[in-house]
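So the sequences go chain by chain: A and B.
Residue numbers for the first sequence, in our numbering: 542 to 937.
Residue numbers for the second sequence, in our numbering: 542 to 937.
Be aware that one or more of the hints could be misleading.
To be verified - Here are the computed distance ranges between Cβ atoms for each label pair: (1) B:627 x A:788: 56 to 64 Å; (2) B:756 x A:930: 54 to 62 Å; (3) B:598 x A:770: 21 to 29 Å; (4) B:934 x A:897: 33 to 41 Å; (5) A:644 x B:935: 20 to 28 Å.
Simulated from the structure, these hints should not be mistaken for laboratory data.
We put the beta carbon where it would ideally sit given N, CA and C, even for glycine.
Number of protein chains: 2
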Amino acid sequence: MSVERCVLVGQSGGPTAAINSSLAGVISAGIEAGARVVGMRYGIQGFLDGRMVELDRAFADPADLDLLRETPSSWLGSCRYKLPTPSEDESVYQRLFDRFEEIGADAVLYIGGNDSMDTIAKLGAYGRDHGSDISFVGVPKTIDNDLVGTDHTPGYGSAARFVATAMREITCDANVYDLKSVTFVEIMGRDAGWLAASAALANPDIVLLPEAPLDVDALLGRVAELLAVKNTVMVGVSEGVRTADGRLVCELAAASGADVDEFGHLATLSGAGRWLAAVAKERLGCKTRSVELSTLQRCASYVASEVDLSEAFELGRAGVRAALAGETTKMCALERVSNDPYEVRTALVDVLSVANRVKGVPRAWISADGMGVTDELLAYVRPLVDWIPIELAALD
Amino acid sequence: MSVERCVLVGQSGGPTAAINSSLAGVISAGIEAGARVVGMRYGIQGFLDGRMVELDRAFADPADLDLLRETPSSWLGSCRYKLPTPSEDESVYQRLFDRFEEIGADAVLYIGGNDSMDTIAKLGAYGRDHGSDISFVGVPKTIDNDLVGTDHTPGYGSAARFVATAMREITCDANVYDLKSVTFVEIMGRDAGWLAASAALANPDIVLLPEAPLDVDALLGRVAELLAVKNTVMVGVSEGVRTADGRLVCELAAASGADVDEFGHLATLSGAGRWLAAVAKERLGCKTRSVELSTLQRCASYVASEVDLSEAFELGRAGVRAALAGETTKMCALERVSNDPYEVRTALVDVLSVANRVKGVPRAWISADGMGVTDELLAYVRPLVDWIPIELAALD
Chain A
542 MSVERCVLVG QSGGPTAAIN SSLAGVISAG IEAGARVVGM RYGIQGFLDG
592 RMVELDRAFA DPADLDLLRE TPSSWLGSCR YKLPTPSEDE SVYQRLFDRF
642 EEIGADAVLY IGGNDSMDTI AKLGAYGRDH GSDISFVGVP KTIDNDLVGT
692 DHTPGYGSAA RFVATAMREI TCDANVYDLK SVTFVEIMGR DAGWLAASAA
742 LANPDIVLLP EAPLDVDALL GRVAELLAVK NTVMVGVSEG VRTADGRLVC
792 ELAAASGADV DEFGHLATLS GAGRWLAAVA KERLGCKTRS VELSTLQRCA
842 SYVASEVDLS EAFELGRAGV RAALAGETTK MCALERVSND PYEVRTALVD
892 VLSVANRVKG VPRAWISADG MGVTDELLAY VRPLVDWIPI ELAALD
Chain B
542 MSVERCVLVG QSGGPTAAIN SSLAGVISAG IEAGARVVGM RYGIQGFLDG
592 RMVELDRAFA DPADLDLLRE TPSSWLGSCR YKLPTPSEDE SVYQRLFDRF
642 EEIGADAVLY IGGNDSMDTI AKLGAYGRDH GSDISFVGVP KTIDNDLVGT
692 DHTPGYGSAA RFVATAMREI TCDANVYDLK SVTFVEIMGR DAGWLAASAA
742 LANPDIVLLP EAPLDVDALL GRVAELLAVK NTVMVGVSEG VRTADGRLVC
792 ELAAASGADV DEFGHLATLS GAGRWLAAVA KERLGCKTRS VELSTLQRCA
842 SYVASEVDLS EAFELGRAGV RAALAGETTK MCALERVSND PYEVRTALVD
892 VLSVANRVKG VPRAWISADG MGVTDELLAY VRPLVDWIPI ELAALD
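For reference, chain A alone in the conformation it holds in the complex (with noise of 0.2 Å):
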């Protein structure tokens, strides 16, 4: 007598445009073991609360599951929430354990970031401890890409082929009007720079990473340069950006009531972009604005990258297929195989290598002067996100 096996999954953190695909990945290969697959509902939280969904049967038909991974946001709920350790609340990991008995789960797969796979960690390491035989592997997925142990992160791409496009499309809009102007386009990230690099890929002026500290005078410096030969400057800001003394430029208004007085009303502007809209504003006396790209660096699918997608789903399937034979407390992880032609296998890593570490953008990817990126890191980012920019010349 054959007993049926089952497969729990969820998601967890911030939506991406590629979190379902993994999902679609996960039920995917859940349905070929021939493996029942029960979906949380809002993640561990949800669980918690017995909020389930059968998947395998809502994606019997293979036409929804397609639709499922071209779905942005995570389509099983999400949640925020940092498991505590056992000395802390052991009682969260028995009500866990009891749920994750009753529904019968053999693998239990996450979907997520770092927090998720601190979950994964101390799932695995709680389970190993008291004799359960479930295996725990997290999925990755960030669109931050600030994961150690594999190479990028699914939901990287796709939100780096959002920035790039967004950065050219925005490049030629500040192009119209024949008088001298600075753009800065905040692009999300505070402690790692990843997506604010890939708006290079549309080539603006000057980027801006949280990992070189900047400073203010060398960067207005560098733009009065450059609108001395042209007119318009393109500047890509992570809005993690911070200054040598540590300080986030998206608080510096707030933090001095000098400021304040300087420029305005700046105190209640939180954003790096547009501070240093109203900054450069100031001192060169030239047309500023800022763009924040927003909610849409992570959901926005109708630009995803088809790489990041199709490697989202894989990592999906890898982890069930991983799980099912035993492994347990590890991370599906994606090794570069070449750049040229791009190749990339999958991989297991230890999730404790993984969890709660952040893998920012190495300082020699960044150009000496702080304000741009390397042909190296370009190199990296170019087939993930899939997108070769074709434009005319412009004109003069």
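The hints should help you fit chain B onto chain A, whose structure is shown.
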């Protein structure tokens, strides 16, 4: 001996995803007619400074013309220049007509919105009064869709497609957490709500247009009702939404010291969406956020409507044909023949009947409570946007 004819063309006003498609249409028809095609750099203003480009030569390769068709923003550059009346300043007319004669222009095409049609009207009238046989024809473009005399304007369909797509993506994004939230998506259109109305294609809960006075209490009441039965409330807000006394919502906070005190630092927040998000948070006590779609609305070519690009191209061609046939002081317009199947034809209208008038959304196409649009409006917009969301059913 045949004399080569000459078509002069300029672009004016804000850029759109389709204005270069009209330019491509002008070049294409000009080349077809064996004419020389000369482009004004930065509109009438750059042209007055003698800035021109030979377009038939620059676009001799049809592949470049195809690329131009899909390139967002104004490739020739633009200006915001309101031509004075001849009685205010005749010298500018003398300079312009001297230049027209100098290059041997037979036809002057101007691609733009309301101000551009005003320019065509003035130049046409001046030419007629002074015995010139140059033809002046306007080719409409504006994402605002607020020109009279035409069923709709090129640029609107693509901007509306971006808005509807973004509204759908942001709705997916807003649904991820298991909590009550209200998201305001702020959409361009200071005087006409056409663009904001297009958000209705993505089925938000509420749409607020400048044409329907906003009652803030009624809005918050409706939001509260919705929050009682669902988690996520989505509101599309035109930046030009006004209260019954005609005040712009985005100016409400700044207008009154009391508002500033009551809601903190609101005086410096310019957007209607931001202000409503702050008020809703204060009064309803739930999570709120505001997303400004910003510049991408007018330049996001990757989500351009093919119907829009195609109509923009045809209007450019029709403009050249009409002008070379001796028509003057006209605007090329679109007449809708039928909705299903969607069919339009080009027409010529007197540009004087267009200039300096604004076409808003008819009150009959706005729902009785002023917080949504009717099926008639959706039927009007749908074929222009050329976009049908295919979506998975949401869970719960």
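Comparing the hints with the structure gives:
| no. | hint | verdict |
| --- | --- | --- |
| 1 | B:627 x A:788: 56 to 64 Å | holds (58 Å) |
| 2 | B:756 x A:930: 54 to 62 Å | violated (46 Å) |
| 3 | B:598 x A:770: 21 to 29 Å | holds (27 Å) |
| 4 | B:934 x A:897: 33 to 41 Å | holds (37 Å) |
| 5 | A:644 x B:935: 20 to 28 Å | holds (23 Å) |
Against the hints set out earlier in the document, a violation occurs for number 2 only.
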